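**Student:** Sequence:
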Amino acid sequence: MVRDIRVIGTGQLLELSARLRRAGHENIRQSFQRRIRRAAEPLRDDLQDTIRTLVIRSEGRKTGKRGGPSPTSRPLRASIARAVRISVRTTGAPGARVWLDRSLLPDDITPGVVNRLNEGRLRHPVFGNRRRWTQQNTTPLWWDKTIRAHEPRITREVERVVDDVRRRLE
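Counting with this note's numbering, you get residues 299 to 468 for the letters of the sequence shown.
Derived from the structure by calculation, the hints contain no laboratory data. Please note that the accuracy of each hint is not assured.
As the list claims (entries may be wrong) - Below, simulated DMTMM-like cross-link-like pairs (lysine to aspartate or glutamate); rule was C-alpha separation at most 20 Å, straight line:
| no. | residue 1 | residue 2 |
| --- | --- | --- |
| 1 | LYS443 | GLU417 |
| 2 | LYS443 | GLU313 |
| 3 | LYS443 | ASP343 |
| 4 | LYS443 | ASP347 |
| 5 | LYS443 | GLU339 |
Model, not experiment: these values are computed from the prediction.
Build the full structure now, drawing on both the sequences and the hints.
**Tutor:** Laid out in structure tokens, this is it:
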């Protein structure tokens, strides 16, 4: 299952968010938000690069089976990469979130397709013919592995930002 990554240090970020609101320092709040976004941007970029270069292997055409051009004009991987987004909140539940915006996916690419790609397989009808199906395979857990690789760096960055803002408020 493709999950969101949320960078939160619940206690620290909530306490700092409340202090920012009380202090009314809008420029500090904007700087805080911008720096947290910058900490998450390499993860978003890496997720986009990973999906764009993800190798998807097919079973291959069987003897006597016909091939043909793709019935769609847009590439699957590029469409998914365009839908990877970042959002940063400094109030309520503060933190950074890297997620897949379903509204940016074409209608025929459901979030289930992305989840199955993350599982390492994609089973679909051959050129839309629901009587003939094929399976394609890929590297499993590409989303999860990419996130895990970035978690320590993002955590360090957010802790540093929180400490800097806390010092400025004191």
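**Student:** Look at each hint and say if it fits the structure.
**Tutor:** Cross-check of the supplied hints:
1. Annotation: proposed proximity of LYS443 to GLU417 holds, straight-line Cα distance about 12 Å (limit 20 Å).
2. For the hint pairing LYS443 with GLU313, the CA-to-CA distance comes to about 31 Å; that exceeds 20 Å, so the pair is violated.
3. With a C-alpha separation of about 14 Å, the suggested pair LYS443 and ASP343 falls inside the 20 Å cut-off, and the hint holds.
4. Between LYS443 and ASP347 the CA atoms are separated by roughly 13 Å; this keeps the pair inside 20 Å, and the hint holds.
5. With a CA separation close to 16 Å, the supplied pair LYS443 and GLU339 stays within the 20 Å bound.
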